[in-house]
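Line by line, the protein sequences are chains A and B. Following the working numbering, the numbering of the first sequence begins with 500 at its first residue and continues without gaps. Following the working numbering, the numbering of the second sequence begins with 145 at its first residue and continues without gaps.
In short, the hints are calculated from the structure, not lab data. Mixed in with the good hints, there may be bad ones.
Stated by the list, open to error - Just so you have them, the derived chain B footprint on chain A, three or more residues with Cβ under 8 angstroms:
#1 509-519
#2 531-545
#3 645-655
#4 705-717
#5 756-763
What you are looking at is a predicted structure, and each value in this text was computed from that prediction instead of being measured. Backbone N, C-alpha and C define an ideal beta-carbon position, used for all residues, glycine too.
Chain by chain, the residues run as shown.
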Amino acid sequence: MHARRKDGNVLEGFSLAGKSAVVIGASNPLGRAAAIALAEAGANVGVATTTRAKKEEVVANSCANEIWALDRKGFALAIDASLESDIDALAERAASEFGEVDVLVNAHDLPYAQPIGDISFDDWRRAMDVNLGGVFLACKIIGGAMVKQGKGRIINVATVLGERGMANGTAYCAAQAGVLNMTRALALEWARTGVTVNAIGAGWTEGMGIIGGDENRQQLERYLPYKRLAKPGEIRGIAVYLASDAAEYLTGQVIWIEGGALSHA
Amino acid sequence: MSVLDKLKLDDKVAIVTGAGRGLGRAMSIALAEAGADIVVTARTKTQIEETAGLVRQTGRKALPVSCDVTDSSSVNAMVEATVAEFGRIDILVNNAGGYTAGYNDELADISDETWRIGIDTNLTGAVFCCRAVIPHMTAAAQTGTGRGKIINVTSGFGLRAGRNNFSYTAAKAGLINFTRALSMTYPATIQANLIAPGLFPHGQKALIDWWKGGKFVPMGRLGLDEELGPICVFLASGLSDYMNGQIIVLDGGGLAGGQAPTGFAPVIPMEVA
């Protein structure tokens, strides 16, 4: 029952050598950082976009290049993460490249900010379908295969906006909060399957679509205890830990790496 | 540097309180395996000697120091002994604590003295240790050898209460917000985070039976002391450099559902659909 190494050095439990991972949303800074970290720790990593926007495909391809440069197997696939058929295709591609998938990272991110009066119901649904529905689909399809294997790690990536509200953020904040509580519910549902489900709560991060212009950024920097935004790579350690055998007893948790932002009143 | 290399704690010095047995012993060994030298502290001399022996088996140095964390002069002496031996302090794990007199009593039956022992053991001891090490960590940060890492061990009872469990839950909740205040006050000097372990029986049969082997834990089992080692190493390492004021709950899914640790496993009956 316990895959954890009892005899080896504690550091060996963090290694992902021989494991394979799929990262959705590797086209944004947090997803990309997680994908590279998993590869550095030894995993083969397939990456996918959040939407079929050309610029996302370019980033995902360069991420796959970086994974190959680390001597790992990998692939990049442009998908619309809100489409069931695209997730099926991603699962099939991963199965043909790697066999089993051990780690799924859902770092979907479609930035969206509007005052509520200006949000059409179609726009609301699009923000929800991608940012929340897309995570649901990946958990159901790729996570479902992990349940059949009897082992797996699901890591959902959200941000401080899943915990704190923000003006113009009704849709985006609701979707992110949804990801966090879906994480807890699914962790319980699958608690005895060998599949753990956790989330990383990232801070205000460089390159995050939602931050906006310089004025916004400077305000944030004044408010944060470290007086700076997070770098995307700051989630890489927790991504490796959660993906590894070392985290076997940890499920249903949101781990925040946000420089202390949430400790504020 | 590869992501796994950043976990290494070579040349770091860690103080672990409550290190004579259980979680403290497991974390001491894990930190040593990652490369740190360990100051092993607790009240009971025979137990810390034993842990120190296990630390030395990993090839690292161990300094066993008897210390009562509820006595600030004892804490200060322990910290001075650390600096005298190793010249620096990089990591502090405040693990000492536990259920004390008054657990399971009615509030009316808890004396002033009993209340103070509970708070001293589970909150004030950690405060004394932080107060004593932070000047050393500040000095190290100013000389550019890195920020100090403080890891406080709270409990699921710091996040959710328990019936007839007053001082322990209050102290462990207090430890959480004390840690957040530390994290906001000294971001340039230290990082302070928390681990909240779920049910860890430390191999004691009475506890395993009392918790029914963990059948009410969503994952279906109790925690093993060694499972705390990796997360302790992670929080002590360069890989957690942007993490500050946070709680990592390691409990097999217990708190995700919001149930008390020995409560029921919540499932929404499918008939409601």
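For each hint, the structure was consulted:
{"no.": "1", "hint": "509-519", "verdict": "holds (count 5)"}
{"no.": "2", "hint": "531-545", "verdict": "holds (count 4)"}
{"no.": "3", "hint": "645-655", "verdict": "violated (count 0)"}
{"no.": "4", "hint": "705-717", "verdict": "violated (count 0)"}
{"no.": "5", "hint": "756-763", "verdict": "holds (count 7)"}
Consistency with the previously given hints fails for numbers 3, 4, ordered from lowest to highest.
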